[in-house]
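Enquirer: Starting from the given sequences, assemble the full structure and let the hints guide the process.
Next come the chains, spelled out residue by residue.
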Amino acid sequence: MLSKDIKMKDPINAAPYKSGKTFDWRDYIVYIAFVGVLVYFSISLFDEGFLSSQNLMNIFRQTAMISIMAVAMTFVISTGEIDLSVGSITALASLTTALAIQAGFGLFGGVVVGLGTGILIGLINGLLITKVAIPSFLVTLGMMGIVRGLAMWSTNTAPVPILDQNFNFFFGSGDLGPIPILLVWTFVFALVGHILLRKTSFGRQTLATGGNESAAKFSGVKTAKVKLMVFIGTGLAAGFAGILYAGRMQAGRYTFGEGDELSVIAAVILGGTALAGGVGTVVGTVIGSLMIGTINNGLIIMGLDVSQQMIVRGLIIILAVAIGRKTIKR
Amino acid sequence: MEQTMLSMKNISKAFNGIEVLKSVDFSVEKGEVHALMGGNGAGKSTLMKILTGVYTADGGDVFIEGKPVTINDMKDARANKISMIFQEFSLIPTLTVAENIFLTREAKTSLGLLNDKECVEKTRDLLKELEVDINPNELVGNLGVGYWQMTEIAKALSQEAKILIMDEPTSSLTKNETEILFKFINKLKRKGISIIYISHRMDEIFEICDRITILRDGKNMVTENCKDIPLETVIQHIVGAEMDKAFEWQERSYPHGSNPILEVKNLASGSRVNDISFKLYPGEILGIAGLMGSGRSEVARSIFGIDPIDSGEVFIKGEKQSIKNPTDAISAGLALIPEDRRVQGLVLAHSVKENMILPILSKLKKGPFVDDRKAIELSNELVKKLNIKTDNIYKTTSLLSGGNQQKIVLAKWLANDPDVLILDEPTIGVDIGAKTEIIDIIRELADSGKSILVISSELPELLAVSDRVIVLHDGRVVKELNRKEIQAEEELQHAIQGY
Chain A
1 MLSKDIKMKD PINAAPYKSG KTFDWRDYIV YIAFVGVLVY FSISLFDEGF LSSQNLMNIF
61 RQTAMISIMA VAMTFVISTG EIDLSVGSIT ALASLTTALA IQAGFGLFGG VVVGLGTGIL
121 IGLINGLLIT KVAIPSFLVT LGMMGIVRGL AMWSTNTAPV PILDQNFNFF FGSGDLGPIP
181 ILLVWTFVFA LVGHILLRKT SFGRQTLATG GNESAAKFSG VKTAKVKLMV FIGTGLAAGF
241 AGILYAGRMQ AGRYTFGEGD ELSVIAAVIL GGTALAGGVG TVVGTVIGSL MIGTINNGLI
301 IMGLDVSQQM IVRGLIIILA VAIGRKTIKR
Chain B
1 MEQTMLSMKN ISKAFNGIEV LKSVDFSVEK GEVHALMGGN GAGKSTLMKI LTGVYTADGG
61 DVFIEGKPVT INDMKDARAN KISMIFQEFS LIPTLTVAEN IFLTREAKTS LGLLNDKECV
121 EKTRDLLKEL EVDINPNELV GNLGVGYWQM TEIAKALSQE AKILIMDEPT SSLTKNETEI
181 LFKFINKLKR KGISIIYISH RMDEIFEICD RITILRDGKN MVTENCKDIP LETVIQHIVG
241 AEMDKAFEWQ ERSYPHGSNP ILEVKNLASG SRVNDISFKL YPGEILGIAG LMGSGRSEVA
301 RSIFGIDPID SGEVFIKGEK QSIKNPTDAI SAGLALIPED RRVQGLVLAH SVKENMILPI
361 LSKLKKGPFV DDRKAIELSN ELVKKLNIKT DNIYKTTSLL SGGNQQKIVL AKWLANDPDV
421 LILDEPTIGV DIGAKTEIID IIRELADSGK SILVISSELP ELLAVSDRVI VLHDGRVVKE
481 LNRKEIQAEE ELQHAIQGY
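Heads up: the sequence lines are chains A and B, in that order.
Letter by letter, the first sequence follows residues 1 to 330 of the working numbering.
Letter by letter, the second sequence follows residues 1 to 499 of the working numbering.
Bear in mind the hints are in silico, worked out from the structure with no lab data behind them.
Only a predicted model underlies this, so the values are computations on that prediction, with no experimental measurement involved.
Since no wrong hints were added, every one of them can be taken at face value.
A few chain A residues that don't get close to chain B, going by computed Cβ distances all over 10 Å:
no.: 1; residue: Gly36
no.: 2; residue: Asn58
no.: 3; residue: Gln102
no.: 4; residue: Lys131
no.: 5; residue: Gly259
no.: 6; residue: Leu262
no.: 7; residue: Val312
no.: 8; residue: Ala322
Below, computed lysine-lysine pairings styled on PhoX-like, alpha-carbon distance capped at 25 Å:
no.: 9; chain 1: B; residue 1: Lys108; chain 2: A; residue 2: Lys217
no.: 10; chain 1: B; residue 1: Lys175; chain 2: B; residue 2: Lys187
no.: 11; chain 1: B; residue 1: Lys128; chain 2: B; residue 2: Lys162
no.: 12; chain 1: B; residue 1: Lys191; chain 2: B; residue 2: Lys227
no.: 13; chain 1: B; residue 1: Lys227; chain 2: B; residue 2: Lys30
no.: 14; chain 1: B; residue 1: Lys320; chain 2: B; residue 2: Lys265
no.: 15; chain 1: A; residue 1: Lys217; chain 2: B; residue 2: Lys162
no.: 16; chain 1: B; residue 1: Lys227; chain 2: B; residue 2: Lys175
no.: 17; chain 1: A; residue 1: Lys222; chain 2: B; residue 2: Lys49
no.: 18; chain 1: B; residue 1: Lys22; chain 2: B; residue 2: Lys9
no.: 19; chain 1: B; residue 1: Lys49; chain 2: B; residue 2: Lys219
no.: 20; chain 1: A; residue 1: Lys199; chain 2: B; residue 2: Lys108
no.: 21; chain 1: B; residue 1: Lys187; chain 2: B; residue 2: Lys227
no.: 22; chain 1: B; residue 1: Lys384; chain 2: B; residue 2: Lys374
no.: 23; chain 1: A; residue 1: Lys222; chain 2: B; residue 2: Lys81
no.: 24; chain 1: A; residue 1: Lys131; chain 2: A; residue 2: Lys225
no.: 25; chain 1: B; residue 1: Lys22; chain 2: B; residue 2: Lys49
no.: 26; chain 1: B; residue 1: Lys279; chain 2: B; residue 2: Lys265
no.: 27; chain 1: B; residue 1: Lys75; chain 2: A; residue 2: Lys217
no.: 28; chain 1: B; residue 1: Lys75; chain 2: A; residue 2: Lys131
no.: 29; chain 1: B; residue 1: Lys67; chain 2: B; residue 2: Lys81
no.: 30; chain 1: B; residue 1: Lys191; chain 2: B; residue 2: Lys30
no.: 31; chain 1: A; residue 1: Lys199; chain 2: B; residue 2: Lys122
no.: 32; chain 1: A; residue 1: Lys217; chain 2: B; residue 2: Lys49
no.: 33; chain 1: A; residue 1: Lys222; chain 2: B; residue 2: Lys108
no.: 34; chain 1: B; residue 1: Lys189; chain 2: B; residue 2: Lys67
no.: 35; chain 1: B; residue 1: Lys162; chain 2: B; residue 2: Lys187
no.: 36; chain 1: B; residue 1: Lys81; chain 2: A; residue 2: Lys217
no.: 37; chain 1: A; residue 1: Lys199; chain 2: A; residue 2: Lys217
no.: 38; chain 1: A; residue 1: Lys222; chain 2: B; residue 2: Lys75
no.: 39; chain 1: B; residue 1: Lys108; chain 2: A; residue 2: Lys225
no.: 40; chain 1: B; residue 1: Lys49; chain 2: B; residue 2: Lys9
No residue lacks a Cβ here, since even glycine has one placed at the ideal position from N, Cα and C.
Expert: Structure representation (structure tokens):
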């Protein structure tokens, strides 16, 4: 959205240059909205214990998988692409991890297999998009079905329990002192993602690819390689999210992550990353994801049923993105 | 200036057996601005593509500073200090100036992370040296086109480029921005940078260039010092044998009728159109002149229902109109041929035929379907009438030249048989041959009874076709001139600049 508006600006009439990046509160809409949501629930749900540390930690636990996938998705969307297969990958990765642990590969083996599952699918996505030149929307839409189908087929829809309690601690229900281990993982991914996007040439090239692909090529950016990498990235992150689902539920299950791709994309866009590519922010993404998690949590405490939750959540997302738009069509 | 920077000798190139370059010689001195001219298909762009490694020559040699070089791709070109300045395609609007200039060549900290501070400092020094006033931290998307180009040039120079190729660098610049660019080019010259300047605009070439080379039909017609070659000779070399009289005003008799077909009273719209009134009579060509930002194009947009009208009235054939969108305008008998045909006028991926029948699909209906036989008939007729050079009506429009594309835009609206045609910059970016043809078409249309508004920044063109000219400034009509009263282009120029 952002990049489009910039491109659409009448170049002749635009001031030749302004001093520095100009401040625009709409760039920070996600932070404003997040604070608004927090304040609203804190007041209206005070008696129900919304602000209790237990509930707040719960929000972190519930949003960890979305946040981690959204960090990787920020890169994909920054290049102007999309990955719809992440939700399905979590399901398959949770099962391959559980099967590996069941087969005696141990904790470490299970994690490697789970991550490998995600990376392999991300690689296939990336190759189809860059080598065969199929639009990412179609590739990952197809992959979404294939991978979910594989997950169901692999165990005949049966869940695979995980009895390794160390695994379940480090990748699920564990706490380090007062801090849930899932929060630690979220933080690690967010930090690595932020540095990668802002402080490395890979991140700069990711943004350049989405900002104007042909210009990026002219400048010597290997845009195909960048795209391949970002899809491997979402594959890896989704694989890890699958491991976390498995750890939290102490089982692999084909139903995990259903519909997650939409929450993940919503979090990224809410956070201020442009759907058209070229502009991305990992910090915004994490806040966007936390906001969705907070809304979910608050609505549940308020006693809304699932159908009502879906409606309210949808409305808030559309509203936030609408307010954040820079230009309104006449 | 005695040192030869670039020399291309006996360059030949053929595509599918058709020779597009026939042993062309071309050379550029150090610190020289060298104009490269020629009509569409003359071989200019092929020659430059050979120089930048997009194509490989069939024969001939390229020398840089006297040494023979082989250029097989963009990388080779860059290594040989050659850089093409694109108008808009080589920068990333969502990154800052500094980030763009050092993309893929960023400074790194000892940890291998980006050192943005150093990049910004380097950029600041570079821009200071070039005396360009741009903030390194500004997003490129926020820069005006003129500064965008300078950023590109700065980027090229930061890669040690010594030969810059500029293709129509001023086509999207205002007069002011053009002046700034020219000052900048002069600075580059003093630094010993060589520039190959491709343009259709002769006044600019005479202002900025040292030498001029003209290609026609793949041959070098002439290379000469700018000050030694008169304008007529240049035109002669470009268009070839038949010297063109197209730009001369031709006395026309046209059946005015005393009732205006279009009358605009005290029109105001947005910040650019403040108070504009004029009348257009049947069979008349009314020119609208004015500087960039005078409300020239915006008048047309508001009449046509694209921009909302704030106040004022529009009458067609004496009847008051309330046009709220282009559909209303079309049914009222108006047609607008917009400035940027590639964006606003054509569906480039569609065929000639599909483009032509787009506005009149509802008229071509046969039951619920489009009458294809009629559509083909009509398209062929228009192709013939406007002398559009295309293999057939099924050819994709993006493959045609600029002049032919513009003719298709014209054809598209003629198919609808409008009473009033509004043409915004009808010949922008087309070569001189197509230009004269389009001017002839405008005249023929007026002779056949159409009323035409021509908005143009090219005064010779306005003077060639207009029966009357109104001059706009700040969204107001400041002067109205009858063509017969105007003796020379300078007079109109004065009227435009006079405010």
